[in-house]
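Visitor: The listed protein sequences correspond, in order, to chains S and X.
Residues in the first sequence are numbered consecutively from 8, following the working numbering.
Residues in the second sequence are numbered consecutively from 8, following the working numbering.
Please note that the accuracy of each hint is not assured.
Copies of the same chain look alike in the list, so a pair counts if it fits in one copy or across any two.
Stated by the list, open to error - Listed next, the in silico DSS-like pairs over lysine-lysine satisfying Cα-Cα at most 30 Å (straight line):
id, residue 1, residue 2
1, K83, K116
2, K116, K95
3, K272, K282
4, K175, K84
5, K33, K84
6, K116, K51
None of these hints come from the bench; they were simulated from the model.
2 protein chains.
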Amino acid sequence: MTRQELIATIRKKQSFLCVGLDTDLKKIPAHLLQMDDPIFQFNKAIIDATLPYAVAYKPNLAFYESAGIEGLVQLKKTMDYLHSLDGKVFTIADAKRGDIGNTSQQYAKAFLDPAGDFNFDSLTVAPYMGEDSVTPFTVYDGKWVILLALTSNKGAFDFQFIEADGSKQRLFERVLERSQQWGDPNNMMYVVGATKADMLTAVRALVPDSFLLVPGVGAQGGSLTEVCRYGMTSECGLLVNSSRGIIYASNGEDFAQRAADEAHKLQQQMADELKNHSCFA
Amino acid sequence: MTRQELIATIRKKQSFLCVGLDTDLKKIPAHLLQMDDPIFQFNKAIIDATLPYAVAYKPNLAFYESAGIEGLVQLKKTMDYLHSLDGKVFTIADAKRGDIGNTSQQYAKAFLDPAGDFNFDSLTVAPYMGEDSVTPFTVYDGKWVILLALTSNKGAFDFQFIEADGSKQRLFERVLERSQQWGDPNNMMYVVGATKADMLTAVRALVPDSFLLVPGVGAQGGSLTEVCRYGMTSECGLLVNSSRGIIYASNGEDFAQRAADEAHKLQQQMADELKNHSCFA
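Please build the complete structure, drawing on both the sequences and the hints.
Guide: This is the structure:
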């Protein structure tokens, strides 16, 4: 999906909601466990229920890999289903990959290749190994690399705030700055955690136009209003993810309806934010 | 495999060779492509041929994932075969994972759980997300996290050498220092590229006893002698990986024999190094 298509989808749905499909067999409703493919059945029900309110879906690979090869078969079914929908959605492999050049090429093929099993629009990549670990993900037309800059977890403080080389520039800012040479706002986004919304001013100083994927609203405690105050651009420029707050709103037979309710609430807040910030004006 | 078992294996085989199973359908001998499971058949032949000379095998996940779900089925067959061998070998999932705490737990389950599809002894993890992204990998008995410190690629210079917080301590050294609190030499190793062997003195100043996984000997140009000069401990303390230099020594029908020849050459050099450095004396 191109940047213009993504922006058009956000404008049409008045939403920049990404639903995180962190599907865990220990947390999904018990009645689904009797089916042959409970992970897929859960995902399908969540997608059907939230599709009016969401522009993106983000399966986190860890949850599928932890269910073994069968988990990946159900991820493929999920992706096939997303590709079959009327009206495009943006798909994110939350995979946090990254390796030396010839190896990152293989990961790019695994996740982004249209002829592959998954054919995601994008995947998340960790920056520690530098340029040649990142650029192989920018070569597919209309596909994206989403580079970790500032993550939403406590461990983000271990290294991401290190001041670099005697300057006041912190590691996450160095990542933002240096990576400008590896891609552009048409094929590179950044992960910036909602739990650190006060950092979004510093982020926007370096990447004024790039889309940001913002996890941490909901279960992790981040504020949508704060994220929009400091991070929103005239073309929105945000994909805000919620995982647990939507998909596990209920673990009863009403799980899909409750997920829809939570997604709808967020979409309404998002429509207000788009209006308040005069997006697309 | 525990540290003591690993050391005993190194001592017995007089080798600290890790064979990297970066198995690429585009590079394996043509006659294997007619089989139902060419990736597994290639791996099995390589393992059988190199087993006298190697103590560890390291499939890089990217090469299996790029072949889709079928690639992972063949990785599982490879792991089942390694587990069936007489005489233990150390297995490394070169996966470069790492995510927020509850997600890293899922990756740990995917790769290290004895009841899972793969049951590796260890996996490689990227440090960018800090403590809670790493510690979930240290909870399985006799299993290991192998943290990226200084990688063998050109992109390592983008961030890993940043001087931290006005000190002379570089990011890779900060990773080594900080992570001492997250594990110990019985459950944590580090990746240090052979292409940067002159940095091993700085590494050993911080982690005198930890095992180092050293890629970059062979195709990437690193020197075994240099690695041993600066990195070897009285208990060896090294696993030196070679991938392309062994597994693609030939792409003809003699590929397994040629792989054995290359592995044997390295093992003989390693035996000399162990003797010269008075290991196990």
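Visitor: Each of the hints needs a verdict: does it hold here or not?
Guide: Taking the hints in turn, this is what the structure says about them:
no. : hint        : in the structure
1   : K83 x K116  : both (15 Å within a copy, 20 Å between copies)
2   : K116 x K95  : within (21 Å within a copy, 33 Å between copies)
3   : K272 x K282 : within (16 Å within a copy, 69 Å between copies)
4   : K175 x K84  : neither (47 Å within a copy, 51 Å between copies)
5   : K33 x K84   : both (20 Å within a copy, 27 Å between copies)
6   : K116 x K51  : both (25 Å within a copy, 25 Å between copies)
Consistency with the previously given hints fails for number 4 only.
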